[in-house]
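Chemist: Now for the letters of each chain:
Protein chains: 2
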Amino acid sequence: MSRTPPHPTREQIELPLVLDCLSDPIRLAIVYQLAQQERVSSELCCGDFNGLSGKSNLTYHFAKLRDCGLMQTRVAGTNRFMRLRREDLEARFPGLLDAVLKSAAKDADRLQLLST
Amino acid sequence: MSRTPPHPTREQIELPLVLDCLSDPIRLAIVYQLAQQERVSSELCCGDFNGLSGKSNLTYHFAKLRDCGLMQTRVAGTNRFMRLRREDLEARFPGLLDAVLKSAAKDADRLQLLST
DNA sequence: CAATTGGTTCAAGAACTATTGAACATTGCG
DNA sequence: CGCAATGTTCAATAGTTCTTGAACCAATTG
Chain A
57 MSRTPPHPTR
67 EQIELPLVLD
77 CLSDPIRLAI
87 VYQLAQQERV
97 SSELCCGDFN
107 GLSGKSNLTY
117 HFAKLRDCGL
127 MQTRVAGTNR
137 FMRLRREDLE
147 ARFPGLLDAV
157 LKSAAKDADR
167 LQLLST
Chain B
57 MSRTPPHPTR
67 EQIELPLVLD
77 CLSDPIRLAI
87 VYQLAQQERV
97 SSELCCGDFN
107 GLSGKSNLTY
117 HFAKLRDCGL
127 MQTRVAGTNR
137 FMRLRREDLE
147 ARFPGLLDAV
157 LKSAAKDADR
167 LQLLST
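Those protein sequence lines, which keep their order, are chains A and B.
Remember, our numbering sits 56 above the position in the first sequence when you count from 1.
Remember, our numbering sits 56 above the position in the second sequence when you count from 1.
It is worth saying that the hints were derived from the structure and are not from the lab.
Among the hints, erroneous ones may be present.
Each pair may be met inside one copy or between any two copies, as identical chains are not told apart.
[As the list claims (entries may be wrong)] Derived EDC-like pairs (lysine to aspartate or glutamate); straight-line CA-CA distance at most 16 Å: (1) Lys120 <-> Asp76; (2) Lys111 <-> Asp163; (3) Lys162 <-> Asp144; (4) Lys158 <-> Glu70; (5) Lys158 <-> Glu146; (6) Lys111 <-> Asp154; (7) Lys158 <-> Glu99; (8) Lys111 <-> Glu99; (9) Lys162 <-> Glu146; (10) Lys111 <-> Glu70; (11) Lys111 <-> Glu67; (12) Lys120 <-> Glu70; (13) Lys120 <-> Asp163; (14) Lys111 <-> Asp123; (15) Lys120 <-> Asp165; (16) Lys120 <-> Glu143; (17) Lys158 <-> Glu94.
Please read these numbers as outputs of a predicted model, since none were measured by experiment.
With the hints as constraints, model all of the structure from the sequences given.
Modeler: Take a look at the structure:
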């Protein structure tokens, strides 16, 4: 439980899984929030998303985001720090993440995303 | 059954629904094939996708693609002609469809898409 | 009119998804 | 050590999704 969970390699990242991950409003909000944070520190920990859902439900969504290659988890003490796998995604699917993030930003109200 | 089915307006197109639609391999293949066809005629009918799945299953996926605003169906005699709602999607989510199509093209083998 | 073509509808089933809460594990701190 | 904080795991559940086949409908053709 204290070890770094498994992540897919860059090459293992699959388009349908990524799109499916991004199609869930909670996960989209997580990704959006991570992207916003990038300007500042590039990492956030689980607790920073407590506004989006309950803890165990977040764990579930984090796992999906990790499994599809969208984000990476780093274990540090009692915290898990997350960051977007921007470079890997850009390498596999150029322009995709940005297009999704821009689209999300456009609909921030409708999607109830917090615009930092 | 012979009437034109309902379509969402441009403004009603929702990001999560679009992403969810594109996350299914069969639907992604349909969209990809429609995009390929655009160079030629911009429309295809149901039968052109018979290689992807059975007829009734295709009807199901067509409905999803219609309901989320990705494509439009036009009834003509005994045929239904489909086309991508490129302009509406570009207006709502600039660059998104192209990014997805490019990503799909990159993984055409993996996704078993037929590259015209 | 009868048969064919192109596609839809409906019902059923298997599989998967998201959500919840309770119990648990690990780390850090007084 | 004892306790709080941070997350995870597990089981249960409600709901959704995809797939299939059989029956059906509407338009065209002979």
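Chemist: All hints, please: hold or fail.
Modeler: Comparing the hints with the structure gives:
1. Lys120 <-> Asp76: both (10 Å within a copy, 15 Å between copies)
2. Lys111 <-> Asp163: Answer is neither: 26 Å inside a copy and 35 Å across each miss the 16 Å cutoff.
3. Lys162 <-> Asp144: Between copies only: 15 Å across chains, 24 Å inside a chain, cut-off 16 Å.
4. Lys158 <-> Glu70: between (21 Å within a copy, 14 Å between copies)
5. Lys158 <-> Glu146: Classified as both; 15 Å inside a copy, 12 Å across copies.
6. Lys111 <-> Asp154: Neither. Shortest intra-copy (28 Å) and inter-copy (36 Å) distances fail the 16 Å Cα cut-off.
7. Lys158 <-> Glu99: This pair counts as neither: shortest intra-copy Cα distance 20 Å, inter-copy 29 Å.
8. Lys111 <-> Glu99: Cα proximity of Lys111 and Glu99: none, with 18 Å in one copy and 47 Å across.
9. Lys162 <-> Glu146: between (21 Å within a copy, 12 Å between copies)
10. Lys111 <-> Glu70: Neither, since 27 Å and 27 Å both go past 16 Å.
11. Lys111 <-> Glu67: Neither way: Lys111 and Glu67 sit 30 Å apart in one copy and 34 Å across, limit 16 Å.
12. Lys120 <-> Glu70: Within one copy, since 13 Å is at most 16 Å while 22 Å is not.
13. Lys120 <-> Asp163: neither (23 Å within a copy, 21 Å between copies)
14. Lys111 <-> Asp123: neither (18 Å within a copy, 33 Å between copies)
15. Lys120 <-> Asp165: Neither. Shortest intra-copy (25 Å) and inter-copy (24 Å) distances fail the 16 Å Cα cut-off.
16. Lys120 <-> Glu143: Close neither inside one copy (19 Å) nor across copies (32 Å); limit 16 Å.
17. Lys158 <-> Glu94: within (15 Å within a copy, 25 Å between copies)
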